[in-house]
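Enquirer: Sequence:
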Amino acid sequence: MDIQKIKQTEQALIKHQTILKTAEDLFDTGSFELDIPTGKLTFSDGWLRIHGFTKKTLSVEEVWN
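Counting in my numbering, the sequence shown runs without a single skipped number right up to 67 at its last residue.
Please keep in mind that the hints were generated in silico from the structure rather than gathered at the bench. Treat each hint with caution, since some may be false.
Distance condition first, Cα-Cα at most 16 angstroms in a straight line; then the derived EDC-like pairs of lysine to aspartate or glutamate [what the hints assert, rightly or not]: (1) LYS23 with ASP47; (2) LYS42 with GLU26; (3) LYS17 with ASP4; (4) LYS58 with GLU35; (5) LYS58 with ASP47; (6) LYS58 with ASP37; (7) LYS23 with GLU35; (8) LYS9 with GLU35; (9) LYS42 with GLU63.
Ranges of calculated distance between the beta carbons of each label pair, as one might list FRET restraints [stated by the list, open to error]: (10) ALA25 with LYS57: 19 to 27 angstroms; (11) ARG51 with HIS18: 17 to 25 angstroms; (12) HIS53 with GLN6: 36 to 44 angstroms; (13) SER61 with LYS7: 19 to 27 angstroms; (14) LYS9 with GLU64: 20 to 28 angstroms; (15) GLU64 with GLN10: 24 to 32 angstroms; (16) THR11 with VAL62: 26 to 34 angstroms; (17) ILE21 with LYS57: 22 to 30 angstroms; (18) LEU50 with LEU15: 39 to 47 angstroms; (19) THR44 with ALA14: 13 to 21 angstroms.
Backbone N, C-alpha and C define an ideal beta-carbon position, used for all residues, glycine too.
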């Protein structure tokens, strides 16, 4: 396995995560990610703040109930 390719992919991911966080901070917004097999939602800090939640990971039921 080419370790250089893995490192480049990791760096690109970090860069995109930083850009997303900066955009969320600038526009006072948030985001979330759904893991379909488990039904778990993972939220950005902005989303949690806007909606008044404190846990980073919640089930779909916890959010919609």
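Enquirer: So, for every hint listed, does it hold in this structure?
Expert: Going down the list of hints, with the structure as the test:
no.	hint	in the structure
1	LYS23 with ASP47	holds, 9 angstroms
2	LYS42 with GLU26	violated, 21 angstroms
3	LYS17 with ASP4	violated, 21 angstroms
4	LYS58 with GLU35	holds, 11 angstroms
5	LYS58 with ASP47	holds, 8 angstroms
6	LYS58 with ASP37	holds, 13 angstroms
7	LYS23 with GLU35	holds, 14 angstroms
8	LYS9 with GLU35	violated, 23 angstroms
9	LYS42 with GLU63	holds, 9 angstroms
10	ALA25 with LYS57: 19 to 27 angstroms	holds, 23 angstroms
11	ARG51 with HIS18: 17 to 25 angstroms	holds, 21 angstroms
12	HIS53 with GLN6: 36 to 44 angstroms	holds, 41 angstroms
13	SER61 with LYS7: 19 to 27 angstroms	violated, 35 angstroms
14	LYS9 with GLU64: 20 to 28 angstroms	violated, 37 angstroms
15	GLU64 with GLN10: 24 to 32 angstroms	violated, 37 angstroms
16	THR11 with VAL62: 26 to 34 angstroms	holds, 30 angstroms
17	ILE21 with LYS57: 22 to 30 angstroms	holds, 25 angstroms
18	LEU50 with LEU15: 39 to 47 angstroms	violated, 21 angstroms
19	THR44 with ALA14: 13 to 21 angstroms	holds, 20 angstroms
Going down the numbered hints, you'll see the structure goes against 2, 3, 8, 13, 14, 15 and 18, while the others check out.
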